[in-house]
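Student: Here the structure of chain A is known, so what remains is to put chain B in place on it, guided by the hints.
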Amino acid sequence: GEDVEQSLFLSVREGDSSVINCTYTDSSSTYLYWYKQEPGAGLQLLTYIFSNMDMKQDQRLTVLLNKKDKHLSLRIADTQTGDSAIYFCAENDNQGGKLIFGQGTELSVKP
Amino acid sequence: KAGVTQTPRYLIKTRGQQVTLSCSPISGHRSVSWYQQTPGQGLQFLFEYFSETQRNKGNFPGRFSGRQFSNSRSEMNVSTLELGDSALYLCASTTGQGAGSPLHFGNGTRLTVT
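Line order of the protein sequences matches chains A and B. Going by our numbering, the first sequence opens with residue 516, and the numbers climb by one from there. Going by our numbering, the second sequence opens with residue 110, and the numbers climb by one from there.
Everything labelled a hint here was simulated from the structure, so no lab data went into it. Hints may contain errors.
Pairwise CB distance ranges, derived in the manner of DEER restraints [claimed, not checked]:
#1 543(A) <-> 166(B): 14 to 24 Å
#2 590(A) <-> 123(B): 44 to 54 Å
#3 520(A) <-> 193(B): 23 to 33 Å
#4 148(B) <-> 610(A): 22 to 32 Å
#5 565(A) <-> 127(B): 35 to 45 Å
#6 129(B) <-> 590(A): 40 to 50 Å
#7 583(A) <-> 149(B): 28 to 38 Å
#8 569(A) <-> 110(B): 29 to 39 Å
Per the computed footprint, the stretches of chain B lying under chain A, defined by three or more beta-carbons under 8 Å from a beta-carbon of chain A, are [unchecked claim]:
#9 154-163
#10 198-205
Even for Gly, the Cβ is constructed at its ideal location relative to N, Cα and C.
Same shape as in the complex, but just chain A (with noise of 0.2 Å):
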């Protein structure tokens, strides 16, 4: 079945960039989604990418996508304290609002 898998912890320095991991299983997947989820709020919508692309950058954030892997990363630029945060991949295989979700990773920075 659809799963999809995040390591749970990373820690960075204050300026360093921060690189988020994903795997996913279904290779039907069209979309492929990062939100962050700051304490106590919902989600908010990162970026998302394609499933024909290999990469897209968006001002401090970069998703690159393997899909031979069904590997999906995040790296975030100049880290700041402001982006610690849980960070959850997505995907979507068409069927409309029905995300599958891995299990987070909490990005702790330090300054």
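Tutor: Just chain B now, with coordinates in the frame of chain A:
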């Protein structure tokens, strides 16, 4: 444009009671989806409504139900509450047309069942 609005933000209920949660989507969005978030199970899809019809359903018992009104606002109902229903319930909206339309989430309703 206003975002997705969920009310109430917090709810405390007793086992056996029922509860109704409300969601107002972004203006122009016709699809509303509901998710349950718990520390143990993570984010799980409950159901999706599009143009007042349930379009997709997750693996939850029949105690969980929903509906959508003609103005796209949606409600979710949980009957005969159990302790395990304690969770953050998130609503998301999208245009519902085309796979590329991303979901936008509200801040959720935190339900505590005692």
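Student: Decide, hint by hint, whether the structure agrees.
Tutor: So, going through the hints one by one against the coordinates:
Under the hint 14 to 24 Å, the C-beta atoms of residue 543(A) and residue 166(B), about 19 Å apart, fit the expected range. For the pair residue 590(A) and residue 123(B), the beta carbons lie near 47 Å from each other, so the given range of 44 to 54 Å is met. Distance hint check: the CB atoms of residue 520(A) and residue 193(B) are about 24 Å apart, consistent with the given range 23 to 33 Å. The given range of 22 to 32 Å is respected by residue 148(B) and residue 610(A), whose C-beta atoms sit roughly 26 Å from each other.
Distance hint check: the CB atoms of residue 565(A) and residue 127(B) are about 41 Å apart, consistent with the given range 35 to 45 Å. For residue 129(B) and residue 590(A), the hinted distance range of 40 to 50 Å is satisfied, since their beta carbons lie about 42 Å from each other. The given range of 28 to 38 Å is respected by residue 583(A) and residue 149(B), whose C-beta atoms sit roughly 33 Å from each other. Between residue 569(A) and residue 110(B) the beta carbons are some 32 Å apart, a value that agrees with the proposed interval 29 to 39 Å.
With 3 residues bearing a CB less than 8 Å from a CB of chain A, the stretch 154-163 of chain B meets the requirement of three and the coverage assertion stands. A stretch counts as covered by a chain when three or more of its residues have a beta carbon under 8 Å from one of that chain; for the stretch 198-205 of chain B and chain A the count is 4, and the coverage holds.
The earlier numbered hints are all upheld by this structure, with none contradicted.
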